[in-house]
Amino acid sequence: MVETINLPDEEFQKALLQIDRIKAAEIFERIYLEYNNFEMLERLTVDALERIGSGWEDGQISLSQVYMGGIICEELVGKYMPKSNLSYKNKPKMAIAVLLDHHSLGKRIVFSVLRAGGYDLADFGQGLGVEEIVEKTLEADLDILLISTLMLSSALKVQNVVESLRKNGSSVKVVVGGAPFRLDDNLWKKVNAHAHGKNGANVTKIIEKLMEGGQLT
Amino acid sequence: MNSMERAMTSITHKEPDRVPVFHLLSHYGAKELDISIKDYFSKPDAVVEAQLRMRKKYSNDCLYTFFYAPIEIEAYGGEVVFVEDGPPNSGEPLIKNIEQIKNITPPEINESKPLQRVLEVTSTLKKSVGNDAPIIGVVMSPFSLPVMQMGFEKYLELLYFHKDEFNQLMKINEEFCVAWANAQLEAGAAAICYFDPLASPAIIERAIYLKTGHIVAKNTLNRINGAIATHLASSIALPVVDDIVETGSAVLGFSGEDDVKAIKERATGKICLLGNLNGIDMMNWDGERTKKEVRELIQKAARGGGFILSDNHGEIPLQVPEEVLLEVAETVKEHGVYPIKAEL
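Top line first, the protein sequences correspond to chains Z and Y. Following the numbering used here, the numbering of the first sequence begins with 1 at its first residue and continues without gaps. Following the numbering used here, the numbering of the second sequence begins with 1001 at its first residue and continues without gaps.
Wrong hints could be hidden among the right ones.
[What the hints assert, rightly or not] Below are the SDA-like pairs computed for lysine to any residue, each with C-alpha atoms no more than 25 Å apart in a straight line:
{"no.": "1", "chain 1": "Y", "residue 1": "Lys1261", "chain 2": "Y", "residue 2": "Asp1017"}
{"no.": "2", "chain 1": "Y", "residue 1": "Lys1154", "chain 2": "Z", "residue 2": "Lys89"}
{"no.": "3", "chain 1": "Y", "residue 1": "Lys1300", "chain 2": "Z", "residue 2": "Asp185"}
{"no.": "4", "chain 1": "Y", "residue 1": "Lys1154", "chain 2": "Z", "residue 2": "Leu17"}
{"no.": "5", "chain 1": "Y", "residue 1": "Lys1163", "chain 2": "Z", "residue 2": "Ile22"}
{"no.": "6", "chain 1": "Y", "residue 1": "Lys1218", "chain 2": "Y", "residue 2": "Leu1158"}
[Claimed, not checked] Coverage of chain Y stretches by chain Z, computed from C-beta distances (three or more under 8 Å per stretch; other residues unrestricted):
{"no.": "7", "region": "1089-1103"}
{"no.": "8", "region": "1152-1158"}
If you're looking for bench data, these hints aren't it; they were derived computationally from the structure. Each residue gets a CB set at the ideal place from its N, CA and C atoms; glycine is no exception.
Hey, can you work out the whole structure from these sequences and the hints?
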């Protein structure tokens, strides 16, 4: 049924790109009252964020718009999920961290997008060393670890994270993102990650594929 | 032609003897001297020695007195984190909440040891090279610096929702930026590289930039007593070429993701292009790949002058092999001689 309904995709996306929280909330309320179906609200946000992410990759949309769009969607989903008597999905068990530096925008975008998609995940924080991330990952017994980096030297350290996790018997899947991985298409493979997010907004699809056991390229 | 003449000819949109090459080497100097990055930047003599050695070794047409991006944060009292194999990075943001902005004052250049080291390097290099080669000093734009001062998320909140406090921070940062740029020019820098990645529409949408960072840039550059190269640090520049021209900048550092032919067309006669080899990808290149990339770039961007060959980020990563930098220089000597012959 959801597939055949025309949601106000363009109107919602426009509100997000204009950082218009009030308009975005009005659209959400309208859809909620009309259909009383959280799945549709989720589809509206996930689709909008994916299009915004693609727009950023194409150079049409700014990173600040990607970020603010994610924050607005996260807030709206957080408000309407309890109204619909739903809770966040706790499978797969996920966490996100910034390796070595304190630039956390990318992490925040991915976090917001996943929350807006109804996923629960832990935020390990930023400025973490290899050992700290490994320790936290093992302790939380994660299925998926998302690592954000800004600097090349930090991106190269992902390999040390993966090696250490394997030595400690973890089979967690590692997804990486950030500027160094965007500027070198093969870097994620070199550091033995399982997947690479080209923009924060496509993370939902990556998670779905990883959970299906799909091969990512 | 010497390096200064070569660069100046190209900046004025004429063809020099060959394409100028600016290898923007900062912490790479530590590798040259085989010492730690932290040790390297604590010793002005070491930076001078490495810059002079690397200029000769890589046929570099400039000297680059950039230490590391958060040196200005250090001057503001913030933390710098040194790593073994990459550029020093900013630590925990200095501004924890927006209310703090009203209490911030611009740092005194004379009171900052790291900034004094940069000035010492600049004046020593100037004594050594005179007018043979340009010394390029560096400032962070007042508009982009807050990413390190307060973290990106908090800064976006300031930019979008707190106009008064945003303007207040811009005033503080402008004062410091102008003073810091002029101090480097007085010490012997020939030009200032104004790093402003947030001017790119990949980071901040152009409509917002025009109402904020663009005005800040015009005000700031107007008060700097020398030539300016605006650098977007790997972010796309094509949609804002004319905007950057309006700021009074003479040079534009563009991205590896920009369409070279399109940006050349738009910049011709207006602003000299600086770029755009992909510094991250360069760590994977061998001799053949290097030659191919450099030749293609020269063919697309060098005709008529107005072009300086460089990396696209404003800093060569430590992981880029020396052989790649040597091959860049050799390829330019072979294929970058004016008039440029059609090769591809």
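Hints versus structure:
1. Restraint check for Y:Lys1261 and Y:Asp1017: satisfied, since their Cα atoms lie roughly 22 Å apart, inside the 25 Å limit.
2. Among the hinted pairs, Y:Lys1154 with Z:Lys89 is inconsistent with the structure: their alpha-carbon atoms are about 28 Å apart, more than 25 Å.
3. About 23 Å separates the Cα atoms of Y:Lys1300 and Z:Asp185, which keeps this hinted pair within 25 Å; it holds.
4. The suggested pairing of Y:Lys1154 with Z:Leu17 holds, with an alpha-carbon distance near 18 Å, which does not exceed 25 Å.
5. As the CA atoms of Y:Lys1163 and Z:Ile22 are separated by approximately 19 Å, the hinted pair is consistent with the 25 Å bound.
6. Simply put, Y:Lys1218 and Y:Leu1158 have alpha-carbon atoms about 21 Å apart, close enough for the 25 Å limit, and the pair holds.
7. Counting residues of the region 1089-1103 of chain Y whose CB falls under 8 Å from any CB of chain Z gives 5; the rule of at least 3 is met.
8. By the rule of at least three residues with a Cβ nearer than 8 Å to a Cβ of chain Z, the coverage given for the region 1152-1158 of chain Y holds, with 3 such residues.
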